[in-house]
Amino acid sequence: MFKKVLIANRGEIALRVIRACKELGIKTVAIHSEADAASLHVRAADEKVCVGPAEAALSYRNIPNVLSAAEISGADAIHPGYGFLSENAHFAEVCESIGIKFIGPSSENIAMLGDKAKAREIVMKRGLPVTPGSPGELRSEEEALQAAQKIGFPVIIKATAGGGGRGMRVVNKAEDLARAFQAAQAEAKSTFGNESVYLERYFLEPRHIEVQVMADNRGHVIHLGERDCSIQRRHQKLLEETPSPAVDEKLRKEIGRVAVEAVKAAHYRNVGTVEFLLDKDRNFFFMEVNTRIQVEHPITEMVTGVDLIKEQIRLAAGLPLTLRQQDVVMNGHSMECRINAEDPEKFTPSPGTITKYSPPGGFGVRVDSVMESGAVVSPHYDSMIAKLITHGRDRQECMARMRRALDEFVIEGIKTTIPLHRRILDDPDFQKGHVSTTFLERFLAS
Amino acid sequence: MFKKVLIANRGEIALRVIRACKELGIKTVAIHSEADAASLHVRAADEKVCVGPAEAALSYRNIPNVLSAAEISGADAIHPGYGFLSENAHFAEVCESIGIKFIGPSSENIAMLGDKAKAREIVMKRGLPVTPGSPGELRSEEEALQAAQKIGFPVIIKATAGGGGRGMRVVNKAEDLARAFQAAQAEAKSTFGNESVYLERYFLEPRHIEVQVMADNRGHVIHLGERDCSIQRRHQKLLEETPSPAVDEKLRKEIGRVAVEAVKAAHYRNVGTVEFLLDKDRNFFFMEVNTRIQVEHPITEMVTGVDLIKEQIRLAAGLPLTLRQQDVVMNGHSMECRINAEDPEKFTPSPGTITKYSPPGGFGVRVDSVMESGAVVSPHYDSMIAKLITHGRDRQECMARMRRALDEFVIEGIKTTIPLHRRILDDPDFQKGHVSTTFLERFLAS
Amino acid sequence: MNKRKPARPKKKQPRPIVLPQAFPGAQGHADTILTGTQTKQIQDLIDLLRRNNLTELELERQGVRIRVRHEVGMKTVTTSVQEAAPASTQSGNQPTASSGPSAEETAGMVTITSPIVGTFYRSPSPDADPYVEDGDYVKKGQVLCIVEAMKLMNEIESETDGRIVKILAESTKSVEYGQALFLIDPKATQ
Amino acid sequence: MNKRKPARPKKKQPRPIVLPQAFPGAQGHADTILTGTQTKQIQDLIDLLRRNNLTELELERQGVRIRVRHEVGMKTVTTSVQEAAPASTQSGNQPTASSGPSAEETAGMVTITSPIVGTFYRSPSPDADPYVEDGDYVKKGQVLCIVEAMKLMNEIESETDGRIVKILAESTKSVEYGQALFLIDPKATQ
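Protein chains in written order, with the working numbering: chain B, 1 to 446; chain V, 1001 to 1446; chain G, 2001 to 2190; chain R, 3001 to 3190.
Rather than coming from a laboratory, the hints here were simulated on the basis of the structure.
Incorrect hints may appear among the rest.
[Said to hold, decoys possible] Cut-off 25 Å, straight-line C-alpha distance, at most; resulting in silico cross-link-like pairs (DSS-like, lysine-lysine):
1. Lys4/B x Lys27/B
2. Lys173/B x Lys264/B
3. Lys1346/V x Lys1415/V
4. Lys2151/G x Lys1003/V
5. Lys1003/V x Lys1027/V
6. Lys118/B x Lys150/B
7. Lys264/B x Lys101/B
8. Lys356/B x Lys415/B
9. Lys101/B x Lys3151/R
10. Lys2151/G x Lys2187/G
11. Lys1280/V x Lys1253/V
12. Lys1280/V x Lys1250/V
13. Lys2151/G x Lys1101/V
14. Lys3151/R x Lys4/B
15. Lys1356/V x Lys415/B
16. Lys253/B x Lys264/B
17. Lys1116/V x Lys1150/V
18. Lys1432/V x Lys27/B
19. Lys1356/V x Lys356/B
20. Lys1415/V x Lys1250/V
21. Lys1250/V x Lys1264/V
22. Lys3151/R x Lys3/B
23. Lys1415/V x Lys356/B
24. Lys1004/V x Lys1027/V
25. Lys1004/V x Lys2151/G
26. Lys125/B x Lys150/B
27. Lys27/B x Lys3/B
Please work from the sequences and hints to get the whole structure.
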């Protein structure tokens, strides 16, 4: 086992990793930017090294400084958290080359699965379901029509160079395709300078379902059930839960099996997440593999009792899985609300000094955060300042507990998304579990 | 279900009950003394009523004022918490008579089981094991010798009017009995003005094991496993855990069965605890039934997932048990450290203002407390200011988590027992689970 | 007969309204002025005050003016909040949102507080005249009101000779332990 | 060859001691003066300072005197702590427990800080003479030291003409980003 782990991250995930290390008897080294010198994650570690100015590119993403910090502190492993260097194959490779263990998958795993087309190809080869789409760029209206008829309407035309919704056209029937194809090409050209477009099945109200997986160096792979992350705003997850209200025991087994197969096909190691789209008819399609620990990992911990960060560290140290698939039992229900320093209606960032901070407590309530009274929310980093996680015997109890925990949570001096979460919890559709990735858009419009 | 519950208590247990009520959608009324006007438990409730000055006898124990508070606020039930009026049969009876539901057992249950001799008699009649002892007062040395020989040495002679260790004599062999008998009688007379003594089996290093039970109005009774409360100082529990390191599945079933039988024999209703002594040879003996929710109830909640306060409320409202015995599953291990405002070495109370309060958080950590920065620990009440509870997959993880949570816990301005708990967690005997009710005495002496 | 209804004859007043959080005396019309959110905000102001050791904190907003005082030399949080309580209590009798009497106004006055929790009545029965009115001269030991608790009528007597300056609680409403009922000027002579 | 050992020839110095919490520069003998508990207490003092918006906070205890300054008009916690850092850093070079140079002492001085994380060396090799000594006059662009990181020797140059007033880091020890290395008086002329 490692003697000393450097945590190449900040905020709640840095503290989360430090806590796991302490429980494993491993010494910890925090890194920090000049802006984070007073952060709780720095005080919680055994040692700390300043690695640069506030800008993440010059501090938390500064590979030479991060590695030097590991060297001068004598750390034998680095935990990257999420974001920053966590999915940087080059960083993982340099760690490997200088004999510092990167706590995560191999650099090859990261590189391969970071290429979404490649990941899709690997999974398709294994005969697993991926989102239906054209094989590549569409050269003509005829090609587009052929592909669309093969996939089935509705379809969405996307710019290959695209992003942010530009160059996209949803097409519901064959006779609308030609015009949409031309419009998408024209928009793609004017926006990205590249008229290349492709086409995919368009799902009307899909759910974002992801499966937590763990793989050891001996090729054993297990899954820890799914998470439903359908409550999103502009692809940013806001509220996650497990089990998904849309997944029953049979579907869980099936989607879990596919996730395990996908991971095995990629020769993946360590902890990871396989993301799927689930349509209204309960068909699911592989989207991608996240090669890091995820923000929402705590809800899986709450229902399985498995400490995912400790497992990540153990697996990175070469230890085998301590659980077999049949040992994984999901008890009760768990939800996570991401508390962001944002205006709860306009979503504008709200950095500043927290004048009063009082987290909720009691049975079934967990808070992961480095906030405290007097802490400063810096405009330099992500706006997520706390994760509020609840657990209950069933979804009903879990929701009631979340509602009372949100009411208890006091954060003053800045605006947060707590009122938004209260509103979501009060929504009848949400209460019934009738949600999809389009839920929040409609919810906010109403 | 009740519409509005008055919580006839203060501090962490009042907040605990308020949280459960909120999750059940029940309105809450806090009562408070003048000294507690600013307490978090008061702010957390929907309404509040001041019931008297700081002295508990004139406020929290003031039955007319507590009942008037329930009347003027329109509460339809009263939760008594623990301590204060929770085991007062008269109070329960008055509540019943004026149509306010007492959330707990019936006044007959309280009265009957409050008489320890009576409780013992009921349990013995049912053929269940009780601590062996003389049937009543010993009139002569001959009677004492007869009783001792029947029970077996060592025995302890106790004053019937006794308490606090006065009038007690441990006797290891028959030839020492006569002198000890006379000495105990003399001391009993001089101390209590009553020379009456009796005699019981003396256990050398017993464990305090208690079983959590729940009984509905239809006579269904289940148990939720045991708690090991052997870490005590002068009969005050300091640290509790479940499962007990000394209890295996077979013993759990057996002691659970006896607890359920005892409760059935007493026609007990609602939530309660059956206390046992467990000797070194794994024989167990009934001691008494606690007819209230106990301080250490959270550790049972952590391993079973059952919210005992909610169950208590549901049962009081006449609802049936939602669990059968076979539905009760104990997952992992849980411990509770009672954080007292006391000098950790001398155990002298340390009231005052908390200048900084920062509770630990993260996976598997629960804090039940009404403390906060600026809160005042009053010298008028119990010194327990927080309960730190951890849960882990096994005892090892649970202990490691407790150790790091104790390290994270910041309470400044007053002295607390946190350092003592750290020392206990570091003790090799404790780590091996080798403890008894004499553990702390020896530990503190060393 | 309903067990929980006090056995008071000819009682026609509505059932006492429940004490809202942090405003024990703010009843009747006051409810529409101070919502739950607002009382929480005021609690926050009180927290602000005690944390900052201020002597006074005043807030005016949407026609509601709140004034919280803090005596110099206060020792504990607890006491400071108790000090603040009477000021807010008095707003219950002044639903038009003025603040309670200031310390200058109460200087030298005797406050008669409720020794028990119960329901406040100014008269021995609904049809009878009140025991005392504003401006009345009273003698020490004279009955000022009744506080009903557990079906018992508890007569509250004046602790002093003097003149009733203000009646601080509303008849038929509930009162807490220690709640101010009457302000008496002991120096006033007939 | 051990991959993790920098490829520095004839390196005989011990492996750099790890930076203790909250005292990036407090190394060597300073370790025996400032225990982990003490550094935590000092962190608490810093917290105290920033919470209370103090300008200065001084603590003397068991021969160790700590002085934390806070400039008027500071905006954020972060900045105030950065301000405090150099003062504690300097105690690493003064193991006899005196405080670091006060603001008055550093007024008008130029502080050369480390632009990277790494190991500080005062000379190009263990056998060579140091680049500079206390009291030396230096030119802008003159090499003052080396900070080694990722097997690379990074020469740190002076940003100014002037005289070395103080060398603030110890050779062979690790330095953080932004850690003060040299204090130079730019007004001093040869």
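Consistency of the hints with the structure:
no.: 1; hint: Lys4/B x Lys27/B; result: holds, 4 Å
no.: 2; hint: Lys173/B x Lys264/B; result: violated, 38 Å
no.: 3; hint: Lys1346/V x Lys1415/V; result: holds, 11 Å
no.: 4; hint: Lys2151/G x Lys1003/V; result: holds, 23 Å
no.: 5; hint: Lys1003/V x Lys1027/V; result: holds, 6 Å
no.: 6; hint: Lys118/B x Lys150/B; result: holds, 22 Å
no.: 7; hint: Lys264/B x Lys101/B; result: holds, 22 Å
no.: 8; hint: Lys356/B x Lys415/B; result: holds, 12 Å
no.: 9; hint: Lys101/B x Lys3151/R; result: holds, 18 Å
no.: 10; hint: Lys2151/G x Lys2187/G; result: violated, 36 Å
no.: 11; hint: Lys1280/V x Lys1253/V; result: holds, 18 Å
no.: 12; hint: Lys1280/V x Lys1250/V; result: holds, 16 Å
no.: 13; hint: Lys2151/G x Lys1101/V; result: holds, 18 Å
no.: 14; hint: Lys3151/R x Lys4/B; result: holds, 21 Å
no.: 15; hint: Lys1356/V x Lys415/B; result: holds, 24 Å
no.: 16; hint: Lys253/B x Lys264/B; result: holds, 16 Å
no.: 17; hint: Lys1116/V x Lys1150/V; result: holds, 22 Å
no.: 18; hint: Lys1432/V x Lys27/B; result: holds, 24 Å
no.: 19; hint: Lys1356/V x Lys356/B; result: holds, 12 Å
no.: 20; hint: Lys1415/V x Lys1250/V; result: violated, 42 Å
no.: 21; hint: Lys1250/V x Lys1264/V; result: holds, 21 Å
no.: 22; hint: Lys3151/R x Lys3/B; result: holds, 23 Å
no.: 23; hint: Lys1415/V x Lys356/B; result: holds, 24 Å
no.: 24; hint: Lys1004/V x Lys1027/V; result: holds, 4 Å
no.: 25; hint: Lys1004/V x Lys2151/G; result: holds, 21 Å
no.: 26; hint: Lys125/B x Lys150/B; result: holds, 19 Å
no.: 27; hint: Lys27/B x Lys3/B; result: holds, 6 Å
Comparing the model with each earlier hint shows violations of hints 2, 10 and 20; every other hint is respected.
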